[in-house]
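My numbering numbers the first residue of the sequence shown as 296 and each following residue consecutively.
None of these hints come from the bench; they were simulated from the model. On a predicted model such as this, the values are computed, not experimentally measured, just so you know. Where hints are given, some of them may not hold.
Stated by the list, open to error - Distance ranges between label pairs, derived from CB positions:
no.: 1; residue 1: Asn362; residue 2: Ala304; range: 12 to 20 angstroms
no.: 2; residue 1: Glu388; residue 2: Phe478; range: 16 to 24 angstroms
no.: 3; residue 1: Glu319; residue 2: Ser406; range: 33 to 41 angstroms
To be verified - No farther apart than 35 angstroms at their CA atoms in a straight line, the calculated lysine-lysine pairs in the DSBU-like style are these:
no.: 4; residue 1: Lys365; residue 2: Lys308
no.: 5; residue 1: Lys391; residue 2: Lys327
no.: 6; residue 1: Lys374; residue 2: Lys320
no.: 7; residue 1: Lys452; residue 2: Lys303
no.: 8; residue 1: Lys320; residue 2: Lys364
no.: 9; residue 1: Lys423; residue 2: Lys327
no.: 10; residue 1: Lys299; residue 2: Lys481
no.: 11; residue 1: Lys327; residue 2: Lys481
no.: 12; residue 1: Lys327; residue 2: Lys298
no.: 13; residue 1: Lys299; residue 2: Lys374
Where a beta carbon is used, it is the ideal one built from N, C-alpha and C, also for glycine.
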Amino acid sequence: MDKKHIRKASLAKRDALTREQIEEKSRQIFEKLMELNEYRDAENILVYASMRSEVLTDDIILDALANGKKVFCPKVTDKPNGIMEFVRIMSLEELKEGYFGISEPELTDDSEIAGRAGFEEGTGCSDKTLVIMPGAAFDRQCNRIGYGGGFYDRYLKRHPEFQTVALSFECQILDELIPVDEFDVKPTALLTEETATLREI
């Protein structure tokens, strides 16, 4: 199957999960994330604001804030060209409905943007930044199919120094390899409620 059909089939499986299943599986994934050195050692957490049937991220955001980490959430800044930035937030209440119904931070002249000049000053080196990303479908080698906009692929191409981990429910994982293109960026790690996978480098 091509990416479009894989994406549709995988999201249909995810959407079939009950709210109780999503909450329980998300809790299990959250616990696996807490065990990763990449998360524990990170000073900057770049994390999506979950919507609909995605792996929930509110607990991740709250935990990171409580532990003194800087938290940044994505903001679409150029929809036609698939460009987004990560804007620092201090609380969940700062997220407002934006592009595609996604909760986004507001972008002002005073906003702190991840990856901009001066970003690393006083926050440690770039390997202290972890990007936590969603996806529509994955395979066991950590190949990823996103939602079709290419936002994360473009962003991570600009910031190859950032570490990455993707969150997914087990029902979104294919046993066979999924098709990939040269511009696709796959995460360093993939967490589900059942497994934690590190890609071969």
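Checked hints:
{"no.": "1", "hint": "Asn362 to Ala304: 12 to 20 angstroms", "verdict": "violated, 37 angstroms"}
{"no.": "2", "hint": "Glu388 to Phe478: 16 to 24 angstroms", "verdict": "violated, 35 angstroms"}
{"no.": "3", "hint": "Glu319 to Ser406: 33 to 41 angstroms", "verdict": "holds, 35 angstroms"}
{"no.": "4", "hint": "Lys365 to Lys308", "verdict": "holds, 33 angstroms"}
{"no.": "5", "hint": "Lys391 to Lys327", "verdict": "holds, 28 angstroms"}
{"no.": "6", "hint": "Lys374 to Lys320", "verdict": "holds, 31 angstroms"}
{"no.": "7", "hint": "Lys452 to Lys303", "verdict": "holds, 25 angstroms"}
{"no.": "8", "hint": "Lys320 to Lys364", "verdict": "holds, 24 angstroms"}
{"no.": "9", "hint": "Lys423 to Lys327", "verdict": "holds, 19 angstroms"}
{"no.": "10", "hint": "Lys299 to Lys481", "verdict": "holds, 18 angstroms"}
{"no.": "11", "hint": "Lys327 to Lys481", "verdict": "holds, 19 angstroms"}
{"no.": "12", "hint": "Lys327 to Lys298", "verdict": "holds, 28 angstroms"}
{"no.": "13", "hint": "Lys299 to Lys374", "verdict": "holds, 20 angstroms"}
Violated hints, listed in ascending order, are 1, 2; each of the other numbered hints is respected by the structure.
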